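S.K.: Start from the sequences, fold in the hints, and give me the full structure.
Under our numbering, the residues of the sequence shown are numbered -18 to 364, in order.
It is possible that part of the hints are untrue.
With a straight-line cut-off of 25 angstroms between C-alpha atoms, the simulated DMTMM-like cross-links for lysine to aspartate or glutamate are [unchecked claim]:
id, residue 1, residue 2
1, LYS256, ASP353
2, LYS256, GLU223
3, LYS143, GLU201
4, LYS256, ASP305
5, LYS256, GLU361
6, LYS362, ASP305
7, LYS256, GLU267
Calculated directly from the structure, the hints in this document are not laboratory data.
Everything numeric in this text was worked out from a predicted model, so none of it was measured.
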Amino acid sequence: MRDISTPVINLGLSLIAIPVGIGLGSLGLRYLRSILDVIPDSGWLHLVAAVVLGYLGYLGTRWTFSRFGEGSIRKLGVMSLVGILWVAAVDQFGLALISGGDAARPFFGRWGFIPGLFSTIGEIIDVLLAIVVALSVAGLLATVASRAGFRVRGRLADGIRKPLAVLLMAVAGAIWAVLIGAAIDWLYFIDNALYTFWIPAAVGALIGIFVAWRGLRTGEVRTGLTVYYIARTIFNTLRSIEPLVMVIVFVIWVGFGEFAGSLALAVHTAAALAKLYSEQVESISEGPLEAVRATGATRIQQVVYAVTPQIVPPYLSFTMYRWDINVRMSTILGFAGGGGIGSILQQNITLGDYRRASVQMLAITIVVATMDWLSARAREKLL
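M.R.: Written out as structure tokens, the structure reads:
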């Protein structure tokens, strides 16, 4: 982690490309969904479209990997087009779950929560797809910008390269500071450009210039530990907020129901697992890593052949353990509006219908015990 560093020009271009990529990814997904709106709102039609688009994406992926070599710019462009097919397929699959679940709910009567579960999964796919697409496009543009930075560094004289690096870092710092100011303005309705635009832009530009000035001594900026501490701070903040508080926030955002509870569990689970995953990577044995590094392997090859075999079993164990926790926690979230059997249990307790409440508590106990047994069996098989 400590030896990961990035040239100043590359870092500036990448930092500028990331917010641009997030914006382009969001706009591109919105435009793609507007094109796919020509498909009638039918669960079966959405499912057929998902299968067809997914098959085309599979064929495109196979053709691309067999046609182009590693590191080819043309391969990157073709894979971007294939990625659009996969995004369209996932989007249609989510719509199929939503439409199919909503259409089937009246036919299930008191068991309507079963198709409702599929509708909730479709809504989660719809939300996660937007996040994944935005981050993927941002990563793609950042990669292209970083490669462009190497070409720029090789062609420019030292007298031009250093001022350009300072300028790029100043612009990057200003952009990120303005984005933070816009987020604060959105939360607190400050509605004053001086405090949400000009002052953040000036402060961000100064921070970018300072980072560039420090990096120009060696020509590179140590980004490994910086990214590590930023990510760890974000995940620690999310983990410090209890899921019960998160579900209240999500209920205000998306309304009562299983979707709010699922979002609360997803955010807290991601933060908790990120801590466990990172600590597992930090505690791996250095022997296999040094052996693979001695063969001249690249950083990616070191991760694949020396790091991954050591972390896969603990990762599976942590994931199943968290799954077991989420099953028990989902009942508590229902009391705060997160839907599920917890909401029904709260209603029966409030109404004084303790007979039904006791049956539901017994059902919760059976489900938790069954899930614990299944997770234990799965750990035995996989680990």
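S.K.: Determine which of the earlier numbered hints do not hold for this structure and return their numbers in increasing order.
M.R.: No hint contradicted; all consistent.
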